[in-house]
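Given only the sequences and the hints, what does the whole structure look like? Please build it.
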Amino acid sequence: MRFLMFNKVLEPYCPSSKQKCPVQIMQKLCRSSKIHLIKTTGLTLKQVFKFVETLNNPASVKIVHLVRGPRAIYNSRRKLNLCMVMIVVKYEHVALDTYNYAGKLNRSLNIEFTDNVTKFIRNHTSLPANVSDTDPYSTIKDSIKIPSKWTTELTVSKMKDVQNSCTEVLQT
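Residue 173 in my numbering sits at position 171 of the sequence shown, and the numbers go up by one each step.
Incorrect hints may have been included.
So the derived label-pair ranges between C-beta atoms look like this [to be verified]:
#1 Asn132 with Gln26: 51 to 57 Å
#2 Leu82 with Asn132: 44 to 50 Å
#3 Asn108 with Leu31: 48 to 54 Å
#4 Trp152 with Val90: 18 to 24 Å
#5 Leu57 with Leu111: 37 to 43 Å
#6 Glu114 with Asn59: 48 to 54 Å
#7 Glu114 with Gln26: 25 to 31 Å
#8 Ile65 with Met88: 24 to 30 Å
#9 Tyr103 with Gly71: 51 to 57 Å
#10 Ile65 with Val164: 17 to 23 Å
No lab work stands behind these hints: they were computed from the structure.
A virtual CB, placed ideally from N, CA and C, is assigned to each residue, including glycine.
Given below as structure tokens:
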């Protein structure tokens with residue numbers, strides 16, 4: 003396999019770089035390793051957290067969430083002519099003006115803006131009195147409060163750290 007050409011740990015154990023390394027050898031190496039690393043793509047963080055919860059010692063797990071800046075993403079995708087089929091939506095704009103943006107999005111996608119869509123938006127953008135907003139996975143949020151929630155939950159020091167670390171992203 004191609005990855006064996008650069009993998010000095012596996013190379014001595016596998017018969018040939020053109021063949022798959024036997025599963026038994028991979029299992030033995032994995033069990034004897036101090037560090038276990040899994041690279042995933044296409045999983046949501048929610049799925050990753052659910053997986054971690056199934057492990058014997060979830061407290062020992064560290065998650066590295068690799069993200070790319072919007073310019074780099076655009077640059078790698080621009081060759082696919084996605085601009086003709088891609089609609090960019092900024093979360094804060096949708097959250098603060100949901101009905102307007104939903105209407106624009108539906109028109110762009112040639113989807114009818116029905117009473118059911120209106121009802122869904124109403125039910126998911128205003129928090130009923132008996133529902134807590136502490137569940138990070140809940141789809142029901144107070145859409146007016148969420149975009150600016152960080153202004154009351156982050157310290158000034160943390161805000162400055164983010165602004166200094168994410169200058170390029172914040173300018174988009």
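Right, here's what the structure says about each hint:
no.	hint	verdict
1	Asn132 with Gln26: 51 to 57 Å	holds (55 Å)
2	Leu82 with Asn132: 44 to 50 Å	holds (46 Å)
3	Asn108 with Leu31: 48 to 54 Å	holds (52 Å)
4	Trp152 with Val90: 18 to 24 Å	holds (21 Å)
5	Leu57 with Leu111: 37 to 43 Å	holds (40 Å)
6	Glu114 with Asn59: 48 to 54 Å	holds (51 Å)
7	Glu114 with Gln26: 25 to 31 Å	violated (56 Å)
8	Ile65 with Met88: 24 to 30 Å	holds (28 Å)
9	Tyr103 with Gly71: 51 to 57 Å	violated (24 Å)
10	Ile65 with Val164: 17 to 23 Å	holds (19 Å)
In this structure, the earlier hints numbered 7, 9 are contradicted, and the remaining ones agree with it.
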